[in-house]
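Engineer: The listed protein sequences derive, respectively, from chains A and B. According to the working numbering, the first sequence is numbered sequentially starting from 1. According to the working numbering, the second sequence is numbered sequentially starting from 385.
30 Å max Cα-Cα, derived DSSO-like pairs, lysine-lysine:
{"hint": "1", "chain 1": "A", "residue 1": "K169", "chain 2": "B", "residue 2": "K432"}
{"hint": "2", "chain 1": "B", "residue 1": "K687", "chain 2": "A", "residue 2": "K36"}
{"hint": "3", "chain 1": "B", "residue 1": "K691", "chain 2": "A", "residue 2": "K332"}
{"hint": "4", "chain 1": "A", "residue 1": "K332", "chain 2": "B", "residue 2": "K629"}
Think of the hints as simulated: they come from the structure by calculation, not from any bench. Owing to the predicted nature of the structure, the values given are computational and were not obtained by experimental measurement.
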Amino acid sequence: MIAQYAPIIEIQFLAYTIPVILGAELGIYFFYQYRKSRFTKLPLNRILLSYGWFTLFMVNGAFFQVVNRLMIIDPVVKELFAQIGFTAIFLAPIGFMAFILIKESRKLINLKLAWVITIASFTPLVLLFLLGSKNRVFMASISITALNAISVITYQLRMIRASLGNIHKRLVQLFTGEILALLALGFAFIVVFASNIGAPTEPFFFTGVGFLITGLLIMFYASNDFPPFYEFDWKNNLLKLFIIDQAHNQFLYVRDFSQKARPAHASRDAERDDLRDKLFTGAISGIEAMLETISISSKQRLSEIDQGGSFILLDYSSEGLPPITYALVVTKDLSSLRHFGKAIKAQFEAFFPGVLKNLDAVIKAGKPERAFQSFDIVMNSMLG
Amino acid sequence: MMFYTFPISGPLRFPALVLEWILAFICFEVGVVFLVKYRRQQVSKRYKQELGHATLFFGFSALWFSFIVSDYYLSDTITFPFLIWQHGAPRDLATSVGYFSLMIGTFLFITFIEQHQAVIFKRFTFTIIFGGLIALYIYIFFLDIEGTTYANLSLVAAFAVFFLAFLVDLSKRMKTRRDVASTLSRFLASFLLLAGGYLLTIDAMLDVTGLVGRVVGSIMQLAAFIGITILFLRLPSFSMLDWHKQIEDLYVIDKSGVCLFQKSFTSKPKVVDDNLVSSAISSVNLILKEMTAAEEQGQSTIKRGDKTITMFSSELVNGVVISKEENYLISYNLKNFIQTFEAIYRGVIATWNGDTKAFEPAAAMADKIFSS
Chain A
1 MIAQYAPIIE
11 IQFLAYTIPV
21 ILGAELGIYF
31 FYQYRKSRFT
41 KLPLNRILLS
51 YGWFTLFMVN
61 GAFFQVVNRL
71 MIIDPVVKEL
81 FAQIGFTAIF
91 LAPIGFMAFI
101 LIKESRKLIN
111 LKLAWVITIA
121 SFTPLVLLFL
131 LGSKNRVFMA
141 SISITALNAI
151 SVITYQLRMI
161 RASLGNIHKR
171 LVQLFTGEIL
181 ALLALGFAFI
191 VVFASNIGAP
201 TEPFFFTGVG
211 FLITGLLIMF
221 YASNDFPPFY
231 EFDWKNNLLK
241 LFIIDQAHNQ
251 FLYVRDFSQK
261 ARPAHASRDA
271 ERDDLRDKLF
281 TGAISGIEAM
291 LETISISSKQ
301 RLSEIDQGGS
311 FILLDYSSEG
321 LPPITYALVV
331 TKDLSSLRHF
341 GKAIKAQFEA
351 FFPGVLKNLD
361 AVIKAGKPER
371 AFQSFDIVMN
381 SMLG
Chain B
385 MMFYTFPISG
395 PLRFPALVLE
405 WILAFICFEV
415 GVVFLVKYRR
425 QQVSKRYKQE
435 LGHATLFFGF
445 SALWFSFIVS
455 DYYLSDTITF
465 PFLIWQHGAP
475 RDLATSVGYF
485 SLMIGTFLFI
495 TFIEQHQAVI
505 FKRFTFTIIF
515 GGLIALYIYI
525 FFLDIEGTTY
535 ANLSLVAAFA
545 VFFLAFLVDL
555 SKRMKTRRDV
565 ASTLSRFLAS
575 FLLLAGGYLL
585 TIDAMLDVTG
595 LVGRVVGSIM
605 QLAAFIGITI
615 LFLRLPSFSM
625 LDWHKQIEDL
635 YVIDKSGVCL
645 FQKSFTSKPK
655 VVDDNLVSSA
665 ISSVNLILKE
675 MTAAEEQGQS
685 TIKRGDKTIT
695 MFSSELVNGV
705 VISKEENYLI
715 SYNLKNFIQT
725 FEAIYRGVIA
735 TWNGDTKAFE
745 PAAAMADKIF
755 SS
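Isolated chain B (complex conformation):
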């Protein structure tokens, strides 16, 4: 039983309204930022995760705009009957529209994420679960406009599990363990702030804390959204994080152009001999170095249509990765791989008798660095 009556009135009405308006608009804006990021992706195949982030923030924005309409401008007086329901209030309808918008935004977010990767279970498991819960929500909504609380809570719980799993998966693909820890802890702190802020703005808390609690809750949510936005925007783009999937072949070539080690990361059948590839790439590298008077050691990249050849020339060997896109994480990891390879096999390379079996153990290292 609620004691607080709507629409909200009193001296704190205006500051609370302005704060919530800012919150709703910032969520909308962040959605637009992600939409622009999605449209400006410089890759052959667009990654829809950013579109997912946009729909999530648009959902939050719609929720807050509908809260503003419902809590500041509509009455909560229950009438019998109310539109198609036995009873209800205009405020309930506007609030439900907001929740429904957030559900759609969240559903699209989960779908776009699962389109690219499986989270905990098989792909689209969460999409199906969430879709089912939305159907249940709609069914209850049409039965009783005021009885959707439990359906709502189950949706929040499903989303929380999905989001946590998604964050863990995302963090695993960061470059270092420190990145993982800091990303996760900052995200969790922001989400705790968001949840705490949200709790202070729910109807039940209004009876306890009054409008002061709602203002504090809105400030907490605003701070959380700003934090989450900064974290999301600082994350490398998904096309960058998916660098493993872009790699097709890895070659380690000695200075005379002989292939010491080769590993393919695709299931495509081989049509050209490894040594022919390594000799051709070595020749290309030599010609390029001569054309541009480049240093003996260092990185170079050749782009040809939908393929990129990334080369790293070290002291004893050259490393080559053939990939679908140019990606600095490929260059970074190729350099790491080649330097480790050289350190391990320095003695073997100096006295190499032509048997490539000597370098076969490097496959495990290549798998560890380049396989997803």
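Chain A on its own, in the form it takes in the complex:
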């Protein structure tokens, strides 16, 4: 028979079921997103598994502790619930790291050190079952889990720094949500402390739950339609960049990202490639003119061309500058690449403001590509 509880107990329990539902859904949703994006074969998509695991275990671990505090009286069952709760909480950062400790992560974290900390994080688990949840040695060993949590945070911060555009925004949101959710753990400790000294626990409990729900909601918002994690791989989808002076149909800057070594017998192909590139100088303006003639949206410019296997992402010079087209040829239409295209434009205009204002003179002097050759340095730094 199930007991009837006091309304304040019921309300606390109901309040905590909200983060449990959110956490479970979020965890499952992350796993589903991973499954959905498996075809991309991007190893760093495993971050979705990490987020899923972390959310599921953290929220449910805390749930066992809440049930334990509110509803369990029998000391044996109480210890069992404490052990289950702690186990889930400790497994959260361990699982997070276990999924992403792969060679592709070496740019972000010292893999050997991370493995050592992750394996060491099993220590509090072993001590929990050997000594019980109230033992001081076990309490002290929780610091190892804290160390692992710091690794989790460091990894994410570096990942945020390495990302661009929409993915960057989503990772920042996820991180913010996670920090808010982790802040709730602080309130959980205050609740335990307050209940030990007989002080009222409810205000701290509800504030903590408020933080947890807000954090999880932010994570939910961020994870909705999470794009495949192409960071570090997006560069492989770059083909060519053309910066074209539209007034004179001249290239100002050209970059071939594929840098394919051409064998001698392929000289005809190379010639054809060069000819094809030269087409770009006039083709974009030509296409625009033709579309304008047939009255297709005369006020706006071409923004994207999808030609089966490749995409041309187009952008144009800012107001007050001569007409320049930025054409980035890529193999996939990724938000990171769009962001990269915008960054190229911003850098180009910031790097050559004087030259661009006197572009006529530069063109008349001949070989304008030479004037902009130094943009290679900027491009190299942008590509890392």
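Once you've looked at the hints, dock chain B against the given chain A.
Structural biologist: Structure of chain B alone, referenced to chain A:
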């Protein structure tokens, strides 16, 4: 006459309360999901149907939250007088607040749907009917807080008719007949489960089944809501389903750039000759193919401001659709149209003498595929 007394008590109170709380929260959450979907629409003109789904689920959520307050924490003891009424109980007031929230949510759902499309009758017919019934409900509510049952039932009936008609209309716009059948049958199964579950939770059933019936009813409703949510989320967005409305012009062009067939889907007057358009688009296609070393046959898209040009190059002809948005259903149907066109007119194209009348019968096929 009710025998069961409120607030609910007994050993099953807590599990029933938790279940209903989960139900209320999931409805709220689904509302938020639709709100986010609405805000993230990547089209120039936002489709408000998703906002309608959000208001409907918010309404259900408010209904369940008020049921929790009324059935688990308020008394049903009738007092004379009760606030502004001759008689009534606190539970009746909280329950009415819930019904009223659901009515508002449903009313907004119907309005947002009818803003975009007519369902059975002229646009906004259901909005007016439903608005009238809500006014009647409010009138009865202020007269007698306990006498709103029939007004409530009439609202449920009006909504059921509207929703069924809406589902039929929605299914018609799916890609295949199989999609139609499976969408409709799954929706109906979920709604039957929802209705069955709801019946088990009404006051009259509590006297018969006790709290066990209410718990079973809540579980059934929870399962139904999860099913409905999955179905709603799996539906293509309305901007996708409205692809017919986005199409402006269709061209079939031969490989030399001559326009074989043209059909306009807007009432705008023509300012440019069809052959000029087809030649320009053919040239653009050729330049693009050369620039990107693309295959001879296949799909390509050009986005320019608020217009998108979708092209499909086949063996003998190229198809072009000029539309307001990019939409995979346009590409899918253009490919189908061009392949059928080529199959029918293969012989004619090979010996074509320049008379476009030969292709005029294709207008019926274009209408069937591209007209809404």
